[in-house]
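Trainee: Make the full structure from the sequences, and use the hints.
FYI, this note's numbering numbers position 350 of the sequence shown as 382, with every residue one higher than the one before it.
Just so you know, these hints were derived from the structure itself, not from any lab. Possibly wrong hints are sitting among the right ones.
Ranges of calculated distance between the beta carbons of each label pair, as one might list FRET restraints [what the hints assert, rightly or not]: (1) D294 - F184: 39 to 47 Å; (2) I45 - A183: 28 to 36 Å; (3) T305 - A386: 55 to 63 Å; (4) H250 - A183: 30 to 38 Å; (5) S326 - L384: 36 to 44 Å; (6) S185 - D294: 24 to 32 Å; (7) R254 - P233: 29 to 37 Å; (8) P233 - P139: 26 to 34 Å; (9) T95 - L186: 30 to 38 Å; (10) L186 - A282: 25 to 33 Å.
Only a predicted model underlies this, so the values are computations on that prediction, with no experimental measurement involved. All C-beta atoms, glycine included, are put in the ideal place defined by N, C-alpha and C.
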Amino acid sequence: MTEPVLDFIVTFIFVIGNAVLATFVALRAWEHRPARVFVIVVALLVTTAISIYGQAIFTSPDTLYLLRSLHIIQVGVVSSAFILLLTAIFMPVWWEGRRPIRWIMLPYLLFSVWLAVDLLAQRGVFVAGLNITETDITFKVTHMGRLLMVAFSLSWLMPLVMLITTFMRDHQARIPILVLGGSIVLSLALNSVRLFLSPSPVLRGMILLTPLPLALAHVVFRTRMITPLRAAIDQAFETMSDVAIVLDTADQISYANGRALDRGFQLHADFATALRSINPALETADTFLTGAASQRLQLSGRQLVVSRSTLVDTHGRRVGTLVLGRDVTEIEERTLQLEQERAHLASLVRELEAEQQERAALAATVQA
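Mentor: Following this line, the structure appears as structure tokens:
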């Protein structure tokens, strides 16, 4: 099989396969925001694959410059869309309220537009034409172009830090993050192997791009199942009148409902430190998690009966601790009032009995 035919077949299979994958995800999970972003990412990957194939079949310098320019622009746009997908999956809070994701992505958008204008208008800010040799065709990168490449590399620090932070704090996100990381490592490994087995840049490009959409589809479906469950649990905790706190394996607060936040607890704080900050006079702050399963604490001027239970996964391994606190301040106040009323009534009864005894004694004296 000749190389042009192989390139066409590989590109055709990649395009059709990703179209089927995107359609499947769209039909099954379109209401899930990451699924909609996933479709955009796959569409951009397909256009990138087509541009890679176009660079292999066209030889005109002007056409190659245009295709190479479009390919570079596509890489930047795909990277931005990929970061959007990661935030939609692992940081959905950035898409809510004031939507800080818009300001986070603004620098990526501005640099992509600047790069596109420079490449298509051939202004020479980032590239100054093509280097055409017998074995390869590359851009003549300017000093500004090298700085842009460095900035592009540094731009991945934000999603990398986001993934590492999410991996450390959210146990349910660890498997999806590992799947994504594994797909990237697999792509690089396969591409390195094919680099020696096949000189075709089209085949190497398709191999490099193939594992990522498969891994992303798996992650989208997995988080689609987790997100409604987590939302239901959050809603149940928020409607509770009790304090509800979830600790991770390091006893850091990974979740706190509104009642807990009102009492002074803060997310990602150490639980014992939070107890001491709320009530410096509390002597059991350091021993609460190792003491009795149910204890009475005074926090923010309120009396709480606080209980804790260990959270385990399906394999019986500890994954955290659930702390529930019931406010019994009003109950204790009413109990105290009842005790006072009972004591008052008992005192009245004793006084009446004493008066009756005095009257009886007086009557007996008179009769005598």
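Trainee: Take the hints in turn and mark each one as holding or not.
Mentor: How the hints compare with the structure:
| no. | hint | verdict |
| --- | --- | --- |
| 1 | D294 - F184: 39 to 47 Å | 44 Å, holds |
| 2 | I45 - A183: 28 to 36 Å | 35 Å, holds |
| 3 | T305 - A386: 55 to 63 Å | 57 Å, holds |
| 4 | H250 - A183: 30 to 38 Å | 31 Å, holds |
| 5 | S326 - L384: 36 to 44 Å | 42 Å, holds |
| 6 | S185 - D294: 24 to 32 Å | 44 Å, violated |
| 7 | R254 - P233: 29 to 37 Å | 33 Å, holds |
| 8 | P233 - P139: 26 to 34 Å | 30 Å, holds |
| 9 | T95 - L186: 30 to 38 Å | 32 Å, holds |
| 10 | L186 - A282: 25 to 33 Å | 30 Å, holds |
Checked against the numbered hints above, the structure breaks only hint 6 and satisfies the rest.
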